[in-house]
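K.L.:
Model the full structure from these sequences, guided by the hints.
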Amino acid sequence: MGTKGRCLVSSRKDPDVPKTGQSGLSRRGFMQGIGVGSGALGAGILENEAQAAPPPGGFSGPAAVPITLRINGKSTNLTVEPRVTLVDALRNHLDMTGAKKVCDRATCGACTVIMSGKVVYACSVLAIDAQGKDIQTIEGIGSGNKPHPVSVAFVHNDAQQCGYCTPGFVMAAKGFLDRNPNPTFEQVEKGLGGNLCRCGTYVGVRQAVLEAAKEMKGGKNA
Amino acid sequence: MPNYSWPPMEKRRLMGKRLERLDGLAKSTGRAKYASDFNAPGMLFGEFLTCPHAHARVTSIDISEAEKLPGVTAVRIIAKPGTEIQWAGAELASVAATSEDIARDAVRKIKVGYEVLPHLVKEDDISKAGTRAKAAGETVTGDLEKAFQEADVTHEGNYGIPVITHCCLEPHGQVIEWKGKEINYRPSTQNVTGVGGDLAKSLQLPATDVHVKMDYIGGGFGSKFAADLWGVESAHLSKASGGKPVKMLLDRRTELTIAGVRPSAFAKIKVSAKKDGTLTGWQSDSWATGGFGGGGSPPLPYVFINIPNQKKNHSAISTNTGGVRAWRAPNHQQATYLTCCALEDLAAKLKMDPVELFAKNADFTARPEVYRSQLKKASELMDWGKKWHQRGDSGTGPIKRGLGLAIATWGGGGHNSQCRAVIHPDGAIDIELCSQDLGTGTRTIITQVAAETLGLPMSAINLKIGDNSLPPSGPSGGSTTVGGVSSSTRKATINALEKLYEAVAASLGAKQEELEAVDGRIQVKGQPDKALTWKAACQKLGVKVISEMGQNDQKNPGGLNAQGVGGINMADVEVDTETGIVKMKKFVAVNDCGLVVNPKLAESQIHGGVIMGICSALTEERILDAVTGRVLNADMEFYKLSGIGDIGEIVAYMDISPEHDKRGIVGLGEPSAIAIPAAIANAVANAIGVRVPRIPLTPDRVLAALEGRNA
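Same order as they appear, the protein sequences are chains A and B. With numbering that gives the first Met the number 0, the residue at position 204 of the first sequence is 203, and numbering never jumps. With numbering that gives the first Met the number 0, the residue at position 312 of the second sequence is 311, and numbering never jumps.
Heads up, some of the hints might be wrong.
[As the list claims (entries may be wrong)] EDC-like mimics (lysine to aspartate or glutamate), calculated; alpha carbons at most 20 Å apart, straight line: (1) A:145 <-> B:19; (2) B:32 <-> A:94; (3) B:584 <-> B:392; (4) B:350 <-> B:151; (5) B:498 <-> B:547; (6) B:212 <-> A:94; (7) B:585 <-> A:185; (8) B:32 <-> A:138; (9) B:599 <-> A:210.
Keep in mind the hints are simulated off the structure, nothing from the lab. All figures in this text were calculated on a predicted structure; none of them were measured in a lab.
P.N.:
Right under this line is the structure:
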């Protein structure tokens with residue numbers, strides 16, 4: 000898989016939604032990108048990360064290294080081992096716990112964040128590898144006074160029960176709608192196919208995403 | 000004694016309305032903090048070393064290398080040499096370290112010697128279970144031999160429903176801080192009131208030393224009532240690490256291997272009927288496993304309990320697998336699957352519409368009229384009369400369409416619950432009870448009841464739950480929460496109002512019993528001009544605070560809540576006979592649950608129950624390797640849950656009527672999640688003309704059934 004290992008994860012979630020398509024097995028591809036521990040450390044990181052000072056010898060770690068992440072528009076310095084994933088960095092180092100760690104293997108989408116415009120699974124991106132990217136998390140969309148229309152639509156349509164998958168779903172829906180402002184019902188089903196819920200909230204989620212699409216087109220938020 | 004009964008349907012302002020859940024925005028903005036989200040300065044991470052063998056004796060365990068690792072603060076041996084391990088995934092040692100990664104590194108440095116012993120992990124073929132199968136004894140009613148001889152038609156079939164896991168998205172675990180005498184405990188639990196005492200018992204401490212807090216839980220489904228070994232070990236690790244908080248959450252593999260399963264159920268069933276469809280006899284030889292302790296005993300025949308002649312045998316098989324926990328309506332999915340598949344097969348043999356067969360035999364159930372009316376309603380919503388065809392009579396093309404149905408029942412009722420209603424002189428109101436909101440909407444419902452009773456908007460209520468210093472309320476299991484908490488809240492708020500009436504009666508020139516709380520006022524009944532605003536009324540309290548309790552007694556609910564509900568589920572599926580893929584087209588769920596406090600949230604629960612059932616019917620199964628004894632799909636890629644594109648149209652119909660309403664409140668969590676796999680399996684049989692005897696209805700099983708093979 001080479002240096003593109005991590006990109007597979009994000010590109011698989013690119014919302015290039017087919018107009019039609021009825022396959023019952025379309026939810027997830029059989030091939031999963033395996034970002035963590037895939038041996039893509041080294042070249043892959045250094046190629047992309049101008050900001051990260053390349054250590055002598057051309058590789059990082061295993062000891063903790065200082066990194067800088069740009070999260071919700073703010074640069075944050077932290078020190079993490081190179082093996083630390085973005086979701087662990089967010090949750091354990093920065094106390095940003097909206098993204099949840101559930102499958103830890105790029106399957107369920109509970110840790111979804113948006114990285115330089117792409118919807119990605121934060122459990123399968125290394126924190127060190129997220130440097131230089133614009134990382135948007137659930138904490139960074141909307142505000143206390145003015146929640147994001149997707150968050151609001153999830154409440155209107157009761158698209159959540161226990162709520163543990165919800166932040167991931169909201170981020171996936173936002174990323175999807177950013178690229179597909181006029182989705183059909185079928186496109187919503189395809190576009191949100193990378194997130195799983197155990198309580199069974201999909202009926203509400205389908206409606207919520209369609210409602211949010213209308214709201215966002217109304218120019219109330221972006 | 001005050002009259003606690005619910006206000007009449009037509010007079011309710013908030014109860015019965017389609018209101019949004021109060022904590023919705025906290026969840027959808029990521030602000031809601033779950034146990035797993037709790038961080039504290041200096042917090043450590045706990046990890047388990049688990050056993051790779053399904054059955055083994057530990058011969059040695061060496062933790063010295065793990066202890067030396069920088070960042071490791073404590074290592075504890077759980078399984079001393081000589082310990083016999085009965086399932087893969089069992090906990091052998093625990094570690095605390097400054098990061099999750101270091102804790103895992105340390106786990107890898109623990110050396111364990113094993114004597115590997117023979118295991119049994121599969122139970123689908125009872126003939127291979129030997130002495131691991133324990134028969135429960137035969138139950139006989141009537142004369143079954145005679146019934147079978149005299150029957151116009153008999154059907155015999157084999158059916159199987161596998162072990163599945165809870166797969167809570169928030170794994171089991173907690174953060175624990177054991178500093179000095181006190182323990183601060185933040186678990187992911189369905190049992191905030193009881194789980195502290197459970198932990199204390201294991202640690203041999205007084206229950207009063209354990210302080211439990213939990214605001215949100217990421218799924219439980221029956222698997223999160225106890226403190227568990229992870230609670231106990233976290234506490235010990237914390238103490239051994241100088242009282243630092245320890246966060247320990249099961250990783251996904253361990254979660255899916257040892258944190259609870261729903262038992263399987265397999266059965267050979269023979270059932271007989273008269274030509275008109277009247278059932279005359281039932282015979283079942285069933286077996287199940289729920290892990291090493293056996294377990295699983297589906298009540299057969301399900302719902303049609305009074306079929307006249309019956310003979311039943313059941314065996315529980317002990318396997319070397321992780322143990323059973325209550326799983327949303329324990330034993331009921333299995334029982335309705337076994338029963339309704341056999342009845343649908345019998346109907347097919349009679350060339351009879353199964354709706355007719357179910358209606359005809361409704362007198363064998365405990366609630367014939369309810370089921371008949373639900374069958375009618377569900378048929379209407381499914382357009383069953385128009386769409387149903389004889390089994391297999393679904394055209395010549397490769398894509399076949401079919402309908403199926405199944406039936407459900409559940410008890411419910413209201414658990415023991417105490418609520419305290421506090422009215423402050425400034426008009427502020429605290430409603431306090433140690434309950435928990437599993438995502439079912441408990442917060443919202445308590446607030447609706449309190450605000451309704453006090454004649455105030457919901458925003459006036461300051462609700463406190465999820466803390467074991469609050470008045471005790473039962474664990475959330477068995478669909479008993481809504482009945483319990485709504486009743487105790489009703490009583491507490493009425494009791495508090497009585498005190499307020501007493502304080503203000505004189506100033507309104509009326510007697511206490513002539514007052515009412517309406518639209519933010521305390522007024523003389525029916526006379527808005529003789530009123531005090533809520534605030535003005537509370538000011539009359541001076542410096543006094545009203546604090547009144549209300550209690551729901553599970554055994555004497557006083558008409559506020561009740562037990563016993565039913566449901567009819569109907570599935571419409573499409574099966575591709577070339578690929579074996581089953582696609583959901585439409586699902587209809589009709590449920591009654593007494594007085595419905597919030598139809599919007601109730602419908603969400605039904606949707607959820609149906610979707611969980613779709614997972615169970617089509618994709619979900621714990622798969623064990625007979626050779627290694629390990630779970631092969633203990634991850635979310637291969638432990639398959641349905642996605643948003645897999646569910647089709649879902650119609651949830653709440654049977655809301657004065658007749659049901661007057662029964663009081665009944666829970667919905669379990670009944671909504673029972674009959675779905677059975678209805679879908681029956682729809683597939685109707686579509687393709689043959690029975691796929693085992694679920695999940697994976698393409699290989701569907702194709703095998705079409706070709707007359709076993710799969």
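K.L.:
All hints, please: hold or fail.
P.N.:
Hints and how they fare:
1. Proximity of residue 145 of chain A to residue 19 of chain B is assessed by CA-CA distance (about 18 Å); at most 20 Å being required, the pair is judged to hold.
2. Taking the CA atoms of residue 32 of chain B and residue 94 of chain A, the gap is about 11 Å. The hint holds against a cut of 20 Å.
3. Taken as a hint, the residue 584 of chain B and residue 392 of chain B pair is honoured in the structure, with Cα atoms around 18 Å apart against an allowance of 20 Å.
4. Pair hint residue 350 of chain B plus residue 151 of chain B holds up; C-alpha atoms about 13 Å apart against a cutoff of 20 Å.
5. Our distance criterion of 20 Å between C-alpha atoms is met by residue 498 of chain B and residue 547 of chain B, whose separation comes to about 8 Å.
6. Between residue 212 of chain B and residue 94 of chain A the alpha-carbon distance is near 19 Å, which keeps this suggested pair within the 20 Å criterion.
7. As the CA atoms of residue 585 of chain B and residue 185 of chain A are separated by approximately 15 Å, the hinted pair is consistent with the 20 Å bound.
8. With a C-alpha separation of about 13 Å, the suggested pair residue 32 of chain B and residue 138 of chain A falls inside the 20 Å cut-off, and the hint holds.
9. Between residue 599 of chain B and residue 210 of chain A the CA atoms are separated by roughly 17 Å; this keeps the pair inside 20 Å, and the hint holds.
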